[in-house]
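S.K.: Line by line, the protein sequences give chains A and B. Heads up, the first sequence is in this note's numbering, so the first residue is 1 and it goes up one at a time. Heads up, the second sequence is in this note's numbering, so the first residue is 1001 and it goes up one at a time.
Just to be clear, a hint being listed does not mean it is correct.
Straight-line distance between alpha carbons at most 27 Å, and here's what the computed DSS-like set of lysine-lysine pairs gives [claimed, not checked]:
(1) A:Lys169 to B:Lys1031
(2) A:Lys168 to A:Lys259
(3) B:Lys1117 to B:Lys1055
(4) A:Lys84 to A:Lys96
(5) A:Lys168 to A:Lys141
(6) B:Lys1055 to B:Lys1038
(7) B:Lys1162 to B:Lys1125
(8) B:Lys1027 to A:Lys142
(9) B:Lys1038 to A:Lys168
(10) A:Lys169 to B:Lys1038
(11) A:Lys168 to B:Lys1031
(12) B:Lys1162 to A:Lys141
(13) A:Lys149 to A:Lys168
(14) A:Lys141 to B:Lys1038
(15) B:Lys1055 to A:Lys149
(16) A:Lys169 to A:Lys228
(17) A:Lys141 to B:Lys1031
(18) A:Lys174 to B:Lys1095
(19) A:Lys259 to A:Lys228
(20) B:Lys1038 to B:Lys1027
(21) A:Lys259 to A:Lys169
(22) A:Lys228 to A:Lys168
(23) A:Lys141 to A:Lys174
(24) A:Lys109 to A:Lys76
(25) A:Lys109 to A:Lys142
(26) A:Lys174 to A:Lys259
(27) B:Lys1125 to B:Lys1159
(28) A:Lys96 to A:Lys109
(29) B:Lys1117 to B:Lys1159
(30) B:Lys1027 to A:Lys169
(31) B:Lys1027 to A:Lys149
(32) B:Lys1027 to A:Lys174
(33) B:Lys1027 to A:Lys168
(34) A:Lys174 to A:Lys109
(35) A:Lys142 to B:Lys1125
(36) B:Lys1038 to A:Lys174
(37) B:Lys1117 to A:Lys149
(38) B:Lys1159 to A:Lys142
(39) A:Lys141 to A:Lys109
Because the hints were derived from the structure by calculation, they are not lab data.
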Amino acid sequence: MLLMKRLLIALFCILSLPVFANEPAATQAEATEQEAFNPGEMILHHIGDSHEWHWFSTDNDHLTTYLPIIAYQPGKGLSVFSSKHVAEGESYNGFKLEHEHLVAEDGSKVYDFSLTKNAFALLLSSIMMLVVFSIVASGYKKRRGSAPKGIQSFFEVIIVFIRDEVAKKSIGPKYERYMPYLLTVFFFIWFNNLLGLTPGAANLTGNIAVTLTLAMLTLLVTLFSSNKYYWSHIFATPGVPMWLRPIMIPVELIGVVTKPFSLMVRLFANITAGHIVILSFISLIFIFRSIYVAPVSLAFGLFINVLELLVAILQAYIFTLLTAMYIGGAVEEHHDADLQIGGGDAATPAHSHGH
Amino acid sequence: MQIVTPEFGLIFWQLIIFLIVLFLLAKFAWKPILSSLKEREDSIESALRMADEAKLEMQQLKASNEKLLAEARQERDRMLHEATQMSNQLIEQAKTKATEEGGRMIVQAREAIQNEKNAALAEVKNTAAQLSIDIAERILRRELADTNSQQQLVDSYLKDVKLN
């Protein structure tokens, strides 16, 4: 999926470069004279977090919902106020916003606990998840033992899929303990991926703080459920000679951290890339300042958007599957597969057969 | 860059809200959903197993019925055979008995005839003896008259007497 995005970005670059090259210098100068459109800035503004929820702007007015700012300063304590007071570069109560980053005017340390656009979207999506799944759960209470109906049957397929194809296969007999975490992670990512595609909504799963937290939780779940085989695999990898241990132990220890790191980067990069591609196609209209580009932009934007619907569930599935596999590796009891790879005995007879 | 710098505040909210959601969903959604899913699957599985068992039982019942039928048929054949045999045997027995009885009766009749014959002969002998004595008596009575006549008398008596 990522490759496909890269290809599309590359295609976009190739298509657009000659146009830029052929554009007369006069037009460019004219463009800079009028208000300069900076697609990079616009895109980063859209995919980034904000202290206000900006819906849309007309020529002389903005429709913005100002969100609460909650700041903690070690010496001064907590201060709560609306972000309206610090909008447009104003300063309030000794605070101001620098590139959407809350700083104190006197330069002292500020811990920003604000309910930002993403935190607010997080709250909304969480409430949505709670409502949806309490409806689903009530369906099971109402129709105990009989066939599912409505929204219940829609989610049952997915829940059963996560249980049978992800948890049972990757974790093994102890899967039941981890089902709540896996299901919550899957639906959290999926719901927020889809909500992120909604126009005007926040890009929550494309935010590195969110993916970092999810990956950290996966790491913690893995470490807390790990057994002695997991650690013996790291400190005394089977089949590796003694003198290689000083190299292998750091490598294995790094591996423990790189697994959740890859989870964090994969989700963040996939979702952010999708948003960037869609926004880039829309930016084309403003870059060319021509309505005739709009159909092309719309067609490509629509295509990527539909693709993103697929990516939304795919990334949720991949995150859940990898989490289940890491947990499965930590709770695994037997290491038959490793012995086959590690010991050369198994390979030798087969090799001599060849001669 | 700003987008790859995780912000402390969002990590804080994400951690708290996600854990609350995880806790609430685990308690009020996943637990009842997964348990009732399992319950339903178990009941379906047991129903299927029971259907299989019933099918097997039916087959067994059918087989045993057929076996019973075959056994009954065999029993009937055997009984018929036995009855025929027995009746034949009875007829044979009766025949032999009748023959034996007949033989025995013939022997008895023969014996009786012999006895009668013997008795008759004895009586003839007795009669003959009696007659001889009578004759002798008459001869003795007529002895006084004439020897010739005595002879004649004896002859006439002898002529009268016919041994049958």
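S.K.: Which of the listed hints are not met by the structure?
M.R.: Structure breaks hints 3, 12, 15, 18, 25, 34, 35, 37, 38, 39.
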